[in-house]
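With the sequences and hints as input, model every part of the structure.
Protein chains in written order, with my numbering: chain R, 1 to 206; chain C, 1001 to 1569.
Worth double-checking, as some hints may not be accurate.
Some chain R residues close to chain C (C-beta under 8 Å, calculated; not the full set) [claimed, not checked]:
hint, residue
1, LEU9
2, ARG10
3, GLN32
4, GLY41
5, THR50
6, ASP63
7, PRO64
8, GLU108
9, LEU112
10, ASP143
11, ASP145
12, THR165
Interface residues of chain C toward chain R, partial, derived using beta-carbon atoms under 10 Å [what the hints assert, rightly or not]:
hint, residue
13, HIS1130
14, ALA1500
15, SER1511
Output of the computed footprint for chain C on chain R, the stretches with three or more beta carbons under 8 Å from beta carbons of chain C [unchecked claim]:
hint, stretch
16, 11 to 23
17, 95 to 106
18, 167 to 173
19, 178 to 191
Hints are computed from structural coordinates only; laboratory data are not their basis. A virtual CB, placed ideally from N, CA and C, is assigned to each residue, including glycine.
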Amino acid sequence: MFDLVSGALRASLVTFALCGFAYPLAVTALGQWLMPFQANGSLVMDARGTVLGSELIGQQWNDPQWFHGRPSATTDADPNDATRTIPAPYNAASSGASNLGPTSKELEDRLLGAWKALDDAEPEATKNMLPADMLTASASGLDPDISPASAFLQVNRVAKARGVTPDGVSALVKRRITPRTFGVFGEPRVNVLQLNLALDREFPMR
Amino acid sequence: MTLTGWAEIALTLALVGLFAWPLGQHIAAVFSGRRTLLTPMVGPLERGLYRLSGVESDEEQDWFSYTLSMIIFTAGCFLALYAIQRLQGVLPFNPGGQDAVPPDLAFNTAISFITNANWQAYAGETTMSHFTQMVGLTTNNFLDTAVAMALAIGLTRAFVRQDCATIGNFWIDLTRSILYVLLPLSILVALLFVFLGVPQTLRGSIEATTLEGARQTIALGPVASQEAIKLLGTNGGGFFNANSAHPYENPSALSNVLESWSQLVLPVAMVFAFGRMVGERRQGYSLLAVMTVILLASVLTLYHAEAIGNPLLTDIGVDPVGGNLEGKDLRFGQAGAAMFAVATTGTGTGAANATFDSMTPVGGLVALLNLLMGCIAPGGAGTGLYSMLVLAILAVFIGGLMVGRTPEYLGKKIEAREMKFVMLSVLLGPALVLVFSAVSVSLKVAVDSLGNAGPHGFSEIVYAYASTAADNGSSFGGLAANTPWFNATTGVVMLLGRLAGVIPIMALAGSLAAKKKLGRSEGTFPTDGTLFVFLLLGVALIVTLLQFFPVIALGPMAEHFLMGSGRTF
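Here it is, written out as structure tokens:
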């Protein structure tokens, strides 16, 4: 019995060292050496080296001159009461989803509210059925993409805010669509941060 | 549903088959002690490890010492992981300055990671330091998978041997699983993940300033190394709270294919290895056929249900063409989400690239049924094989009753003693799920945790216990599970689900190894043909449905019809 336990202990120590230190640190070293951009989070920087975000992580957009991402259900601790949480969309330090079920009244109310807000701001957009990603929240709360349909619906607002013609903005969106990988995997989508960066280069705010 | 969606699912499964075949060959060689491609590199390391731990490489154990070694080892891992979490505040690699994990959560998480359940009551990025993630969680992802593989191999040997008191050596099987299978595969897959965009750094977080001038704190860390073994070992505990939906865990459509592949490849390879080790590959194929039918039926139903979407959303003015997108990230598409959901509930992984809680009632039901069947399509790495073998013995027993012969499986007579062990293992899951669900729905302290009302709330509780009893770990995340009640009860259920499920199986192995191996005769019921595949499939489905039909009717089925009538809660 004692042999069994002491053998187990020594075996565990070595495997902890192998799997818990050697393996992750070796992958870190190789990743940092061979693929530093990805290993450090695919960060996007401006000319002065300020980090603007990550091309993989969605951000909250409020102003009309930008394309907006999907609704996000992430939260943050309430500064007044640490035991409660408050909505904090695109909180990349605490990912999460709404977890509302298909027959949830709360989900129905949230969607109706979002639809009405959109109807007030852009009555043109709500004339047709809306693409699902425009009203639903993602699983991570950090979805960096929107559907092409959702991007095209925002073209008029963005063009107006920037004082340019919708045609040019629309053409830009078309160029920024990521197709299915190898024509099969995933869905066509537009990365919002990349699109907004390209937008600022081509149609800068005056 | 689209044709490209089906092509994506078909290609993913084809890739699994393509790699699982040679991997199965490799695994069979490793556990039979034959030379493999890796022997020149790994052999010296292996011998060094045995010297350090005092293991004699030719020493064999009977089922009792084998199981006892497993229990002592698992207990040691539990203590180590509990201690690491409680001490993380003073340990290194803690750039986020995380405090000690509270006792009930540390207890739950430690059990969750030693049982391969990886029930995620914790939120990775806000609770765990890098030290805990790497040394605690990543290591245990290796160890509990290696334990499960060892047990499956021990049971496989019982069919190979006759008149034999021993079933192998636990320490050797454990070490070989890690050195020859899990570590080399994980290194390759982790590097592929980094290539596809998964971070691997020791930094804690990055401060970004958005184009609008707002601040965004982005949590990162050594994600890729954990992601690889989390999926390959069918563990499922995420680095981040959102698990495989988080863009840093699963950045693209391509990484998503790799994630589904990683979960399925080892369990399938274990079945191929089983066929090779017992010397009749067709025996492995018939088990795999049953797994494949269940997996295909699941993915067909789930994809269909999610692609139709939620009528509630269509009424509000949402185009149903995108399907049910609440709780799904866009890049995977409905097909990628369905493939992942079935891969993760059919195995023991329990990761998530979409929230199960927000799926349609039928989609959620498919996931729940996979758990209630005990995660056998194709099951966890190791656990899938031994769970399916237990069902196969039950099937030949029922077949034997129907024709009035003493049942045999692979030349081993199945008698009263073996059936007692099988029934203990089969009945344990339902007992845990039903008893704990029934107690929880009648307690205010449990019902207060619900994230949804109506039948969906009931499903949340049942799902929690189904997931922990099957040591899967996926969840209906709306349930606030980080409470003393749920941390304690799901912890106990995970432990019983694993240990009390495994002990009878190892006793079964001991009993089988001691028997003579009978040759095939006229009266032998063939267990490698279509007839047996249907019998086994029938047993798996009927056993599950008989036990759980009332629960399914009260939860997902009731919700499905209420959703159709436009009712909300």
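Here is what the structure says about each hint:
no. : hint       : in the structure
1   : LEU9       : holds (6 Å)
2   : ARG10      : holds (4 Å)
3   : GLN32      : holds (7 Å)
4   : GLY41      : holds (5 Å)
5   : THR50      : holds (6 Å)
6   : ASP63      : holds (6 Å)
7   : PRO64      : violated (11 Å)
8   : GLU108     : holds (5 Å)
9   : LEU112     : holds (6 Å)
10  : ASP143     : holds (5 Å)
11  : ASP145     : holds (5 Å)
12  : THR165     : violated (22 Å)
13  : HIS1130    : holds (9 Å)
14  : ALA1500    : violated (21 Å)
15  : SER1511    : violated (23 Å)
16  : 11 to 23   : holds (count 10)
17  : 95 to 106  : holds (count 11)
18  : 167 to 173 : violated (count 0)
19  : 178 to 191 : holds (count 8)
Violation of the numbered hints given earlier is confined to hints 7, 12, 14, 15 and 18; the remaining hints are satisfied by the structure.
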